[in-house]
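Novice: Sequence:
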Amino acid sequence: MEKIRELFDNIIRLTDAEFNYYQQKISSKDYKKGDIITPKGSVEHYAYYIKKGIVRRFIERGETEATFYFAFEHDFVSAYDSFITQTPCRYSLQALEDTSLLRISWHDVQDLYQQSSKWDKIGRILNEHAYVERADREFSLLTKSPQERYENLFKQNPEVIKRIPLKYIASYIGVTPQALSRIRRRIF
Numbered sequence: 001m002e003k004i005r006e007l008f009d010n011i012i013r014l015t016d017a018e019f020n021y022y023q024q025k026i027s028s029k030d031y032k033k034g035d036i037i038t039p040k041g042s043v044e045h046y047a048y049y050i051k052k053g054i055v056r057r058f059i060e061r062g063e064t065e066a067t068f069y070f071a072f073e074h075d076f077v078s079a080y081d082s083f084i085t086q087t088p089c090r091y092s093l094q095a096l097e098d099t100s101l102l103r104i105s106w107h108d109v110q111d112l113y114q115q116s117s118k119w120d121k122i123g124r125i126l127n128e129h130a131y132v133e134r135a136d137r138e139f140s141l142l143t144k145s146p147q148e149r150y151e152n153l154f155k156q157n158p159e160v161i162k163r164i165p166l167k168y169i170a171s172y173i174g175v176t177p178q179a180l181s182r183i184r185r186r187i188f
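Each residue of the sequence shown is one higher than the last, beginning at 1 in the UniProt record's numbering.
Quick caveat, the hints were computed from the structure, so don't treat them as lab data. Please note: incorrect hints may appear among the correct ones.
Here are the computed lysine-lysine pairs in the DSS-like style, where the Cα-Cα straight-line distance is at most 25 angstroms [as the list claims (entries may be wrong)]:
#	residue 1	residue 2
1	K40	K29
2	K52	K3
3	K32	K167
4	K121	K3
5	K3	K162
6	K32	K51
7	K121	K162
8	K155	K167
9	K40	K51
10	K3	K33
11	K155	K144
12	K144	K121
13	K118	K144
14	K40	K167
15	K155	K51
16	K3	K155
17	K144	K162
18	K3	K144
19	K33	K167
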């Protein structure tokens with residue numbers, strides 16, 4: 001909770017009462033490695049904060065899966081488009097290791113927005129951050145080589161990256177596992 005409070009206070013200072021109101025709205029949820037958090041086709045009812053673990057977003061393409069996002073400890077994660085629109089999700093969220101999440105429902109987020117303009121600002125800033133992150137990812141896919149994408153992922157998360165199976169990293173950077181092995185040999 002301390003990390004979340006710090007994050008929110010970096011956006012706008014909350015009173016103890018305001019933060020306590022938020023705390024009353026959240027609950028904990030644990031997932032085992034491999035569990036699907038949000039299945040494709042379901043409506044995302046929660047936004048999550050990762051206390052421990054790694055979550056990926058992926059789509060199924062025939063016999064294969066394409067991973068397009070990783071979230072790590074102290075990140076917020078959700079099927080945001082489904083969460084915001086309350087329509088069925090086009091992809092799935094999965095725990096890549098035993099994962100501990102804090103979650104807040106869509107209805108409770110709406111309630112927070114109604115309670116105070118501070119919560120509205122926090123929501124806006126967090127959504128802006130998510131948008132910029134997505135734009136950076138799209139730009140990377142269009143302008144960087146697979147090796148550069150791997151190196152960037154490794155630089156951003158040097159320890160955590162070792163916890164992700166290579167097949168998911170390969171999918172994330174847009175190559176086969178064999179091509180990722182060649183990239184890793186060149187780098188290391």
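Novice: Against this structure, judge whether each hint is valid.
Specialist: The hints, checked one at a time:
no.: 1; hint: K40 / K29; verdict: 19 angstroms, holds
no.: 2; hint: K52 / K3; verdict: 12 angstroms, holds
no.: 3; hint: K32 / K167; verdict: 19 angstroms, holds
no.: 4; hint: K121 / K3; verdict: 18 angstroms, holds
no.: 5; hint: K3 / K162; verdict: 23 angstroms, holds
no.: 6; hint: K32 / K51; verdict: 14 angstroms, holds
no.: 7; hint: K121 / K162; verdict: 35 angstroms, violated
no.: 8; hint: K155 / K167; verdict: 19 angstroms, holds
no.: 9; hint: K40 / K51; verdict: 23 angstroms, holds
no.: 10; hint: K3 / K33; verdict: 24 angstroms, holds
no.: 11; hint: K155 / K144; verdict: 15 angstroms, holds
no.: 12; hint: K144 / K121; verdict: 33 angstroms, violated
no.: 13; hint: K118 / K144; verdict: 38 angstroms, violated
no.: 14; hint: K40 / K167; verdict: 20 angstroms, holds
no.: 15; hint: K155 / K51; verdict: 21 angstroms, holds
no.: 16; hint: K3 / K155; verdict: 22 angstroms, holds
no.: 17; hint: K144 / K162; verdict: 22 angstroms, holds
no.: 18; hint: K3 / K144; verdict: 33 angstroms, violated
no.: 19; hint: K33 / K167; verdict: 15 angstroms, holds
Hints 7, 12, 13 and 18, counting from the list given before, are not met by this structure.
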